[in-house]
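All chains should be modelled from the sequences, with the hints used to inform the complete structure.
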Amino acid sequence: MSGHRPSGSFLSVRILFIEDEDRLRDALCRGLREENHDVVAASTGSEGLRLATEQSFDVIVCDILLPHLNGFQICRRLREQAIWTPILMLTAKDGEWDEAEALDAGADDYLTKPFSYVVLQAHLRALVRRGAKSVAGDSDVLRASDLILDRRSHRCARGDQEIDLSRREFDMLATLLTHLGKAMSKEELLRKVWGPDFNGDPNIVEVYVGYLRKKIDTPFDRRSIETVRGLGYRLVVDERGLQF
Numbered sequence: 001m002s003g004h005r006p007s008g009s010f011l012s013v014r015i016l017f018i019e020d021e022d023r024l025r026d027a028l029c030r031g032l033r034e035e036n037h038d039v040v041a042a043s044t045g046s047e048g049l050r051l052a053t054e055q056s057f058d059v060i061v062c063d064i065l066l067p068h069l070n071g072f073q074i075c076r077r078l079r080e081q082a083i084w085t086p087i088l089m090l091t092a093k094d095g096e097w098d099e100a101e102a103l104d105a106g107a108d109d110y111l112t113k114p115f116s117y118v119v120l121q122a123h124l125r126a127l128v129r130r131g132a133k134s135v136a137g138d139s140d141v142l143r144a145s146d147l148i149l150d151r152r153s154h155r156c157a158r159g160d161q162e163i164d165l166s167r168r169e170f171d172m173l174a175t176l177l178t179h180l181g182k183a184m185s186k187e188e189l190l191r192k193v194w195g196p197d198f199n200g201d202p203n204i205v206e207v208y209v210g211y212l213r214k215k216i217d218t219p220f221d222r223r224s225i226e227t228v229r230g231l232g233y234r235l236v237v238d239e240r241g242l243q244f
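Quick note: the sequence shown uses this note's numbering, first residue 1, plus one each step.
Any given hint might turn out to be false.
[As the list claims (entries may be wrong)] Pairs of lysine to aspartate or glutamate residues, derived as DMTMM-like cross-links and limited to a Cα-Cα distance of at most 20 Å, are as follows: (1) Lys186 <-> Glu54; (2) Lys186 <-> Asp164; (3) Lys215 <-> Glu226; (4) Lys214 <-> Glu162; (5) Lys215 <-> Asp171; (6) Lys215 <-> Asp146; (7) Lys214 <-> Asp160; (8) Lys186 <-> Asp201; (9) Lys113 <-> Asp22; (10) Lys113 <-> Glu99; (11) Lys214 <-> Asp146; (12) Lys186 <-> Glu226; (13) Lys214 <-> Glu169; (14) Lys186 <-> Asp38; (15) Lys214 <-> Asp238; (16) Lys215 <-> Asp238; (17) Lys215 <-> Asp164; (18) Lys113 <-> Asp20.
These are computed hints drawn from the structure, not numbers from a lab.
What follows is the structure, given as structure tokens:
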């Protein structure tokens with residue numbers, strides 16, 4: 001791995017790095033953290049799968065040969081759960097069959113060891129751009145049971161009852177709905193809703209979660225926005241107030 005820096009960097013992103021080679025994992029994670037990326041590391045396939053399903057990431061870097069679960073299995077399980085985070089596969093193997101299996105399993109890109117840091121960064125930039133375009137191109141209407149958010153008309157409703165949201169409340173709810181069922185940290189919400197250059201009080205996230213709960217949950221006897229201890233917040237489907 002080369003220590004050269006790429007000529008063009010990208011905005012701070014959250015990366016899950018699943019790699020059992022300690023020296024390689026530590027070196028790459030250290031380099032990415034030095035560039036202000038939020039990197040979470042895992043050394044086994046089972047740990048990586050757990051993190052990928054419980055938390056939200058902008059991109060996942062995953063080795064193929066891992067203890068407990070291999071990279072192919074991780075990809076398949078994530079895609080089966082409709083988790084579409086871009087995945088970059090790493091492997092020491094070199095061959096078209098491994099590349100084909102990685103892509104067929106649900107990986108978005110493939111990188112053969114050894115590789116330079118410059119090339120890794122280029123692949124990550126491409127995946128982050130692709131992931132951003134994918135989210136932007138998703139349906140304008142986001143749903144969780146009877147909770148509906150229309151990004152085109154800026155409309156929010158529970159069933160047939162309209163809910164008036166401020167611009168910031170709307171953006172936060174859209175972010176939580178886009179990552180339905182996944183815990184999002186305060187830092188992630190700040191980055192996605194307020195932007196990477198936000199320098200205010202990070203407790204503003206808690207304030208706006210409170211605003212949203214009073215508007216989309218309390219009047220309808222719901223608890224769709226959950227606090228996940230040590231992680232942050234997630235939006236889940238809560239149908240207790242529905243009438244059938």
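Evaluation of the provided hints:
Annotation: proposed proximity of Lys186 to Glu54 holds, straight-line Cα distance about 15 Å (limit 20 Å). For the hint linking Lys186 to Asp164, the alpha-carbon distance of about 24 Å lies beyond 20 Å, and the restraint is violated. Simply put, Lys215 and Glu226 have alpha-carbon atoms about 15 Å apart, close enough for the 20 Å limit, and the pair holds. Between Lys214 and Glu162 the CA atoms are separated by roughly 14 Å; this keeps the pair inside 20 Å, and the hint holds.
Distance restraint check for Lys215 and Asp171: the Cα-Cα separation of roughly 14 Å lies within the 20 Å cut-off, and the hinted pair is therefore satisfied. As the CA atoms of Lys215 and Asp146 are separated by approximately 14 Å, the hinted pair is consistent with the 20 Å bound. A threshold of 20 Å between alpha carbons decides the hint, and for Lys214 with Asp160 the separation of about 18 Å falls inside it, so the pair holds. The suggested pairing of Lys186 with Asp201 holds, with an alpha-carbon distance near 11 Å, which does not exceed 20 Å.
A hinted pair counts as satisfied when its Cα atoms are at most 20 Å apart, and Lys113 with Asp22 qualifies at roughly 15 Å. Our distance criterion of 20 Å between C-alpha atoms is met by Lys113 and Glu99, whose separation comes to about 13 Å. Distance hint between Lys214 and Asp146 is fulfilled; the C-alpha atoms sit about 17 Å from each other, no more than 20 Å. For the proposed pair Lys186 and Glu226, the alpha carbon gap of about 13 Å is at most 20 Å, so the pair holds.
Distance hint between Lys214 and Glu169 is fulfilled; the C-alpha atoms sit about 11 Å from each other, no more than 20 Å. Of the supplied pair hints, the one linking Lys186 and Asp38 holds, its CA atoms being roughly 13 Å apart against a limit of 20 Å. With a C-alpha separation of about 15 Å, the suggested pair Lys214 and Asp238 falls inside the 20 Å cut-off, and the hint holds. Among the hinted pairs, Lys215 with Asp238 is consistent with the structure: their alpha-carbon atoms are about 15 Å apart, no more than 20 Å.
A hinted pair counts as satisfied when its Cα atoms are at most 20 Å apart, and Lys215 with Asp164 qualifies at roughly 8 Å. The hinted pair formed by Lys113 and Asp20 meets the criterion: a straight-line CA distance of about 14 Å does not exceed 20 Å.
In this structure, the one hint that does not hold is number 2.
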